[in-house]
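The lines below spell out each chain.
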Amino acid sequence: MTDNPLKRTPLNEVHRAAGARMVDFGGWDMPVQYSGLIDEHNTVRNAVGLFDVSHMGEIEIRGPEAMKLVDYVTTNAVARLKNGQAQYSGLLYEHGGFVDDILVHKVADDSFFLCVNASNQEKDFEHICGANQFECEVEFAGDKYSQLAIQGPKALGVAQTLTDTPLSTIKYYWFVDGTFAGVPARIARTGYTGEDGFEVYVAPEDAVRVWNAIMAAGESAGIKPCGLGARNTLRLESKMALYGHEIGASISPLEADLAWIVKLDKGDFIGREALRKQREKGLTRKLTGFEMRGRGIGRDGYEIVIEGQAAGWVTSGSPSPTLNKNIGLCYLPIDRAQPGEKIEIVIRNQPVEAETVPTPFYKRQGS
Amino acid sequence: MNYPESYRYTKEHEWVSLAGDIATIGITFHAQEELGDIVYVDLPKPGTQVETGKSFGSVESVKAVSDIYGPVSGEVVEANDTLASGPEKLNQDPHGEAWLIKVRVASPEEFNNLLSAADYQTYIGAES
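Protein sequences appear in the order of chains A and B.
Following this note's numbering, the numbering of the first sequence begins with 2 at its first residue and continues without gaps.
Following this note's numbering, the numbering of the second sequence begins with 6 at its first residue and continues without gaps.
Note that these hints are calculated values from the structure, not bench results.
Please read these numbers as outputs of a predicted model, since none were measured by experiment.
The reader is advised that the hints may include incorrect statements.
Which stretches of chain A does chain B cover? Using the computed rule of at least three CB atoms under 8 Å from a CB of chain B, they are [stated by the list, open to error]:
hint, stretch
1, 24-38
2, 293-306
3, 309-322
Here a beta-carbon is modelled for each residue, glycine too, at the ideal position from N, C-alpha and C.
Chain B with its partners taken away, still in its complex shape (with noise of 0.2 Å):
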């Protein structure tokens, strides 16, 4: 699986690509591959307040229900509304057309302190 160079990776599995101020925030291949078969997405409204490290969201497989952590801090400008009526496409396009939210962040550093593609790879090789 192809795992965007620019983008940044957490231990949670979600990934954050950064657009000036703007971090699109989604969740990784592996996270889907994990879940299986998702039938449900539950994402914040704009004008939410996302916060490093705290849930802001669930998706929802045939198998189980897991949360969403923000992997920065800010607004949420907009969420993937398309998901809910086609939750299928997070385990078809997890990197890509199924992002999450978008989210204007406080502090772009903390970007910058996420996970490399490779590191993040690396870490779900350990981890599995």
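Just chain A, with the same shape it has in the complex (with noise of 0.2 Å):
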């Protein structure tokens, strides 16, 4: 432990009233379970649910040539976004390896707005920082912004009752900037759980008030509040990667299966020599699913062998809610990633029977 005192998210209280368990996420005091991990789990999966994501870090950053910026340090095309789009992205080194994995919402074509993790949100700011030779406005934002997300089939029919904007209009990875509660919100129909809902970003100072009305609206919906906890194992069905697990440093985004996020042809952008090396040569080792066949679960490091050979790391893994089956991301060599190869997790010194299978685990009705 740090002397630094954890960071707290205008909704403590809130949540230590609620009777949350609180860990300390990344040196902020973040709830990790409310009612218990499963029970907020499907919640979300069947209903809906509310987390308080507030830790995460926002840039905003402006200027005439602000897409140039933009695009020059994220790996996804930015200049196909059009005003009220987003687009998950990769920001990157220049040996190809994550910074961080970040959401770019483009407001304009002169502002965008970047929601990052929240223990990388200093590196990202410097990293923009360094590479901003465009003259552009980069701002610090995260102590302007709580972030809210609002999760489950039953989100829009909730969050509908709080808002004038018509929110069945706004399409996946679209947001729209209105009143909601009362107070003025950044509306985006985005999540990390799989599921329709909305992550919505308001003023710290309405947190609070945000928080009670969602919780208000969404009773006879059977709203609860979700912990972080939930969070990781529905963003885990989904295969949405976590940073410092599936990315992170000394990972490019071809190797974590996330190709569709890198667009080689946009233009310049940093990173993009050692992906376009990286492709040619061909990789390595590639994110795979796991499920086990054997007892255990198979935890994050944990390492996997194949005909009693080391070939592998966990990067996430945890019993599946939805699924009922003990279900996990690893890192193979490139002629094992794809379903269907034996493998084996040593768990506590056991070698564990798993097997690889195709992702996501989770896939909701429609998308």
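Using the hints, put the two standalone chains together into the complex.
Dropping the structure here:
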């Protein structure tokens, strides 16, 4: 532990009063669970859950050449974005590894809003500033926003009662600036659970009011507050990457099975040459899904062996509450990185059988 | 939460109750609360020797796996086999129905050296 006090979101007292179990999450005092991880997970899959994700960072980029800067520091094609559209993207080092994975929101041609991981936000900000040869204004805006995620099949109905903005017209990965629960808000149809839902950005001083309004509006729909524990199992079932697990400074988006966010032909961007070379030479390893066949849970960092030889490692592993199986993601040699391979995961010094499977593990109906 | 006065406790969050020379061992309400939803319980078979301070089994939740340590030494006479098919009982009734093992203790004095209910509650209060 460091001597630095844990950072708190404006909802800290609300979580504590609601009986949440709090943990140190990357220097933030955050709720890991309320009613129970599995209960919260199933509530999001079947009804609607509410998450405080105000620890997430925001970076705003403005200026006549804002699009050029964002395009230069990210892997995805920013030029294809329309105003009000968002995209998942990578922020890379020259060597092709991840600085962070981020959401890029295009507010206007000269204004972009990035949502970044809490524990990476300072590093991301410095990285972007270091690449700012476009005279853009780059603002570290984490303190300007609180973020609440309303997720689940009933999220649309609940959220709609709190805004005049017609939410059903916001397509997946689009956003609208409007009023939500009586306060100014950026309402994005995005999420990290694999369900339909919204991520709502509001001023920190409005966070408690908006949280309480959503909880009240969702009562009849069975809304529950959810913690980071359920957020992790939900995103894992949907095969969404978590920084420090599936991705990191030594892993490229191609290895992480994220080629779809890499647009090598869009023009120059940081990391492009490394990715181009990696693609030419061919990958040596790739992110792959697995299911346990033997009894046990292959957890983060556990070693994988194939025919007695060390072959890779687990990046995330957990029971899947939706599928009632033990699942996970892992890095494997490229010739083994396809479904149907028999692997063993070393669980507490015992190799336990598992098998590679197609991903995502869970996909919602109609998506 | 009620921590029975007749039980003794450890700083590793096990509880023990003693009847004659048979000690019943479990994990505390606090322990299951820290772990969250429990999905696996691994226990030793009857006849196994449990040693004070050494791991005799494990409890695994959705989030993490945790060793269980012997609060006293002795031979396992019974393991709670109902937990294999119903691990969630550990979340529901950790001080009762979801006991883990019964041990024939070598020296009952060990029991008396463990924490009282009041001392244990003070300990977890200070820990959190």
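A quick look at each hint next to the structure:
1. 24-38: holds (count 4)
2. 293-306: holds (count 4)
3. 309-322: Coverage by chain B holds here, the residue count being 3 at a Cβ distance below 8 Å.
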